[in-house]
Structure formats: structure tokens, C-alpha cells
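> Here are the chains, one letter per residue:
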Amino acid sequence: MKKTGSQILLECLRLEGVETVFGYPGGTVINIYDDLMDSPINHILNRHEQAAVHAADAYARVTGEVGVAIATSGPGATNTVTGIATAYMDSIPMVIISGQVPTPLIGNDAFQEADMVGITRPVTKHNYLVRDVKDLARIIKQAFYIARTGRPGPVLVDLPKDVQMDSAIFEYPETVELRGYKPTVSANPRQLKKAVQMILAARKPVIYVGGGATLSDMSDDLLEFAELIQAPVTTTLMGMSSFPQTHPLSVGMLGMHGTFYANMAVTESDLLIALGARFDDRVTGKIATFAPHAKIIHVDIDPTSIKKNVRVDLPLVGMLQDVLFVIEKLRELTDDDAIVTTEVGQHQMWTAQFFDFIQPRTFVTSGGLGTMGFGLPAALGAQAAFPERQVIDISGDGSFQMNSQELATLVQYRLPVKIVILNNNFLGMVRQWQQLFFDKRYSQTCMELPIDFVKLAEAYGATGFSVSKPEEVEEMIRKGLETPGPVIMEFKVAREENVLPMVPAGAGLNEMVLV
Amino acid sequence: MKHTISVLVENEFGVLPRVSGLFSGRGFNIDSLSVAPTLDPTISRMTIVTSGDDRILEQVSKQLNKLIDVIKVIDFTEQDYVEREMVMVKVAAEAESRAEVLRIVDIFRAKVVDVTPRSYTVEATGTPEKLNALVELLRPLGLKELVRSGPIVLGRGAKAWKSAE
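Protein chains in written order, with numbering that gives the first Met the number 0: chain A, 0 to 514; chain B, 0 to 164.
Don't take each hint at face value.
Heads up, incomplete: computed chain A residues facing chain B, CB under 8 Å, no partners named [unchecked claim]:
no. : residue
1   : 110
2   : 145
3   : 174
4   : 177
5   : 178
6   : 302
If you're looking for bench data, these hints aren't it; they were derived computationally from the structure.
Cβ coordinates follow ideal geometry from the N, Cα and C atoms, glycine included.
Input sequences plus hints: build the corresponding full structure.
As C-alpha cells, then:
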């Protein structure tokens with residue numbers, strides 16, 4: 000039987016097991032939205048396309064499934080770019096469907112036209128422009144396959160309006176044929192043997208775990224491995240939830256805002272075993288003094304990650320009292336499987352430092368791109384995936400306002416996300432750099448206008464609380480967590496707290512600023 | 000250091016910018032690029048000459064391998080290969096210089112492919128170095144216009160790359 004392009008698309012999504020998609024309608028996706036009314040797939044209407052992509056991204060991070068977002072052509076599609084780049088940097092499996100003007104108009108500067116294949120080429124794992132409805136089912140099959148296999152990543156499918164309206168006989172291919180794409184790699188047995196010998200010979204081995212450990216669901220193996228060789232485990236921001244931070248072998252995060260002992264352990268180690276990590280500059284500091292005495296074993300699914308930043312010996316393919324208090328209380332009062340998302344800035348680093356993550360896929364943060372405005376829509380996506388679990392967005396006043404319109408989405412879909420705003424009325428992380436490295440010249444980092452976040456919550460039909468005294472923190476967290484529906488909990492914190500320790504950009508890991 | 004890389008790709012629209020983007024995104028110039036279909040018409044072969052830091056070019060080569068549309072990448076830097084380029088030169092040829100142009104053409108085993116009373120168009124193939132030498136000899140006679148194809152290369156020996164691999 001013949002189906003239209005938009006029907007074929009939705010049927011493919013259903014066959015890929017997609018239950019929920021996030022998006023925003025518009026002229027060139029109106030056919031998809033029309034057919035969506037007859038489809039079993041749930042759709043969440045975000046209030047901005049960027050937020051839709053972040054929500055789908057977090058949906059993927061907490062479930063391990065492929066996240067799906069839909070946007071219309073032109074401005075709708077360009078609004079997705081930050082979301083796509085965020086997912087790309089953190090290797091998150093996603094399929095983004097963008098509407099496109101009808102094929103005869105492509106290249107004519109038509110109304111709401113943008114070259115999305117061109118714009119997203121450097122921030123997608125792959126992308127497609129569908130020119131013929133007969134190719135659509137094959138392309139969607141390939142898009143999902145590419146997104147979820149190998150090193151995962153976002154795939155964009157640009158779908159012109161006339162292709163959505165054209166008809167073809169629908170047949171979903173059973174297999175994918177891509178001769179240029181070989182995603183599964185097994186380690187070379189000889190290299191593996193060498194790795195074992197190096198581990199046996201090491202006296203001070205350290206395990207360094209990145210986001211790849213989370214993505215490949217290897218937390219149990221990691222725990223067993225660490226206990227077997229009795230090596231301390233340090234994680235990156237992205238790898239944090241893959242190893243219980245309360246375990247005696249955990250030394251916490253390494254790098255710019257890593258713990259003192261993690262950075263010293265790496266500096267003093269004689270063997271560094273890197274698992275699914277990419278030696279990002281925020282992790283290594285100055286390359287020349289990074290793990291100077293260590294041999295390095297690097298295990299990664301992506302050959303382009305190996306030897307990219309560091310030499311590798313064996314490739315296998317006063318402070319923070321109140322802030323600290325808020326985050327530690329939160330950990331105490333939330334469930335072990337509570338999902339925490341963050342925005343980007345000081346609150347993100349404080350969360351990484353003080354919130355002990357225990358279960359995998361419970362910490363959702365924009366590690367690679369560092370996207371402000373990620374946390375709220377991400378919490379929304381996580382809550383849509385797990386309506387029964389606690390989902391908390393830990394946020395700062397700056398980042399929160401970058402996607403605060405999503406309060407409307409939370410209220411509309413009754414998604415009971417709890418939002419913690421650590422409000423210092425500053426863009427705190429930049430202010431910290433200005434304080435330490437620019438002689439306290441606070442150029443454009445003070446948010447002069449204090450926002451009434453309680454009233455803001457109420458304006459959207461959510462609940463808001465605010466405290467400024469440490470002794471009220473615990474009670475408010477209890478109250479906030481117990482209140483049904485979306486809740487904003489604002490904590491007015493000391494204005495000039497810093498994230499410490501800190502390795503200044505470009506310095507070595509042993510050159511930490513401690514106070 | 001100079002690198003000559005062959006890239007076998009799906010013969011489809013949109014592949015060229017994916018490949019060139021990996022170079023431009025790192026601020027590398029492509030010195031020359033030639034593309035045409037192979038024995039298998041669904042596959043095109045690109046020959047790219049570029050120069051830059053070896054470590055970064057190794058990254059580029061790995062990134063090329065990662066592109067979905069790229070089937071095979073061959074870096075000829077450490078291999079023995081045959082290299083040929085083609086040039087066409089329009090050279091001024093007035094009364095007294097006509098014979099000199101023809102003598103140079105003869106020495107380089109080049110060919111005259113177009114003649115007017117005031118010019119010759121000369122075609123030659125060879126290694127880029129040989130073509131440089133030819134151009135330098137013709138230059139004093141008055142070069143009007145020049146086009147080069149960029150080199151193409153094949154590995155030496157009986158072994159060949161087959162798409163069925």
C-alpha cells in the first residue's frame with residue numbers, strides 16, 4: 000500500500016521503537032504534525048526548538064535510546080543547531096528531523112529556507128537531504144543505525160515538504176548497507192595481552208573514566224575491574240555517574256575543577272588506564288606536565304580520539320559552605336536513582352564536586368560544548384522518559400534564564416521537575432575568571448536586575464520558593480521535593496563564591512589554585 | 000610536510016564538502032584536488048595534495064575514515080607510487096619564438112593541441128616537477144594562460160584496491 004512521506008516517516012519512527020518525540024510545528028512540517036494526530040507516538044511541544052533538541056538529548060542520555068526531535072525549516076531548524084552541537088560533543092544518539100522547503104525551491108532563497116545539511120555538517124555524525132520519497136525509509140533506517148552504533152552521535156534528516164506529501168510503497172528495510180561505515184571494533188588480542196602485562200607491572204595505576212563508559216553501559220564491569228586491580232578511579236564530568244562516587248576507590252573528578260587527590264593521583268601515577276575518555280583540555284591542563292611518569296593505555300571506540308591530544312603508549316581502539324550545604328542536603332534528601340541535570344557554570348562544577356552520584360545515567364550535563372540553557376529542557380526530557388523518578392535541574396540564575404520558557408512545557412505536560420537555582424546574581428564562572436585573572440574587573444557579568452523567581456514560577460502555574468538563610472535550606476528542600484508538579488527552589492547564595500580547586504587554563508594539573 | 004592522499008568515496012551529491020570541510024575546519028589548504036569515477040561508477044576517487052603538520056594530518060586522515068561516505072583512505076606518504084599531472088599552457092608564439100616553443104615541446108615530449116598565428120597551446124603530462132621545469136622554460140617566451148589538473152597517483156606493484164574488498 001502506498002503511503003505519503005510523512006506517514007512513512009512516522010511509521011519508521013514507530014518501527015524504531017520511538018515512543019516520545021519533542022518538537023515545534025511550522026509550515027514545512029505541517030504534514031508530519033497532521034499525521035502525528037493518528038500516530039501512537041507522543042509529542043511534547045516545547046517552547047523553543049533548541050529546548051526540544053536538549054529534551055530529546057536528555058531522553059537519550061537517561062534511557063540509552065535514540066532521542067528524536069522535529070523542527071520546521073529556516074529559523075526552526077537553525078534554532079536546533081546549539082542542541083545538535085551539544086549532543087555531538089557528548090556523543091549522544093539522536094535523530095533530528097528538519098522540514099525543508101519543497102525541492103524545486105531549494106537554493107532559491109525561498110521563505111524560511113536554510114541549508115541545514117550545510118549548516119549542521121560539522122556538528123552531526125552524518126546528515127541527509129531526502130530528495131525522493133522512495134529513499135525515505137532507507138534513510139531513516141540508516142539514520143537510526145548510524146546514530147546508535149559505534150561512537151554514537153546526532154544525525155539530521157532534512158525533509159522537504161513535497162517529499163512529505165509524495166507517496167511511495169512503504170517497505171522498511173531489514174538491514175543497513177553502508178560500505179563506508181564499520182562501527183564495531185574488537186580490540187586486537189595481542190594489544191590486549193600487552194595491556195594486561197602493563198597493568199600487572201604497574202605499581203601506581205589510576206583508572207580515568209569518561210563518558211564512553213556511561214554510553215556503553217559498562218558500570219558493572221568497571222566496578223569489577225577497579226576492585227580487581229585495586230586502582231583509584233577518577234572520572235570526567237561525563238563519566239561521573241558510571242562509577243559510584245561513594246566507593247572507597249573513587250577519587251572524584253579530575254581536571255580544571257577536579258579534586259586535589261584526583262589531580263595528584265594522575266600526576267603521580269605510573270600507569271593511566273583511560274576508558275572512553277578523550278583527554279579534553281579541561282581535563283589535562285598543560286599537556287607537557289600531564290601524568291608525566293605514567294604510561295598510558297587508551298581504550299576508545301573512536302580511533303580519532305586516540306593520540307589526538309596526548310602521547311599514548313598502548314592504544315586499544317570560604318568558601319562554599321552555603322552552596323556545599325545546599326547540594327549535600329539535596330543528595331541526602333533525594334532518591335539514589337534521582338536524575339540530576341545541570342546548566343553550565345559554577346553550579347555545574349559544584350554539583351560535580353559535591354553531589355555523590357551512585358547510579359549510571361543519573362547525571363545529565365553538557366560536558367563537551369558547555370551549553371548554558373541545557374539543564375531545564377534536559378530535565379524535561381528525562382522526566383518525560385521516567386515520569387515516576389525524581390528529576391532535578393541544578394541551575395544558576397544566568398543559565399536558567401536562557402531557556403526559562405520551558406516552564407510552560409513542564410506545566411502543560413505535568414512534568415514535576417524540581418528546579419534548584421543557586422542565585423548569586425552573577426554569571427559566576429566568568430566572574431571568577433575575572434576575579435582571578437583580570438584584576439576583579441567585572442565586565443558585564445553582574446546581572447543587575449534581581450528576578451523574582453517565585454513570581455516567575457507562579458506566572459507559569461508552577462510553584463516557587465525562595466530562601467536566603469542556611470538554616471532554612473533543609474526545610475525548603477523537603478518542601479520543594481514534596482510539592483507536586485514543577486517547583487522552583489531559589490537559594491540566594493553568597494555572591495562571590497568560587498569553584499575551587501582550580502587549575503588555571505593552560506597550567507599543569509599539579510598547579511592547582513586551592514584558596 | 001607534503002601529503003598525497005587518495006580518498007575513495009560514494010559517488011553522490013554532498014560528499015565533496017564533507018571531505019574538504021575536514022581540511023578547511025583545521026585551517027589547512029588543499030593544494031590540489033582531482034575527482035572522477037572509478038571502475039565502479041558508484042565510487043569516485045579523489046586525489047588530494049596537502050601540506051601541514053604530520054600529527055594533524057594523521058588526525059585528518061582518521062577523520063576522513065570516519066565519514067560515512069568515505070570507503071577507503073590511502074596516504075601515499077610512506078608508499079612507493081606513480082604520480083602524474085597534466086598541464087595545458089597557452090604560450091605567445093610570434094615569428095621569432097615559434098621554433099623555440101616547438102623545440103621545448105619536443106624535448107619534454109609535450110604536444111601542441113591548438114595553433115594560431117600568435118600562439119600555441121601546449122599539452123604535457125608528467126610529474127609535477129617535470130611540468131614546473133617545462134613552464135619555467137616557456138615563461139620567458141610569454142605565458143598567456145595556464146591550467147593544471149593536479150596530480151593523480153597510483154601505488155606501484157601488482158597489488159590494487161578493489162571495491163569488492
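> Looking back at the hints listed earlier, which ones does the structure fail to meet?
Hint check: 1, 3 fail, others pass.
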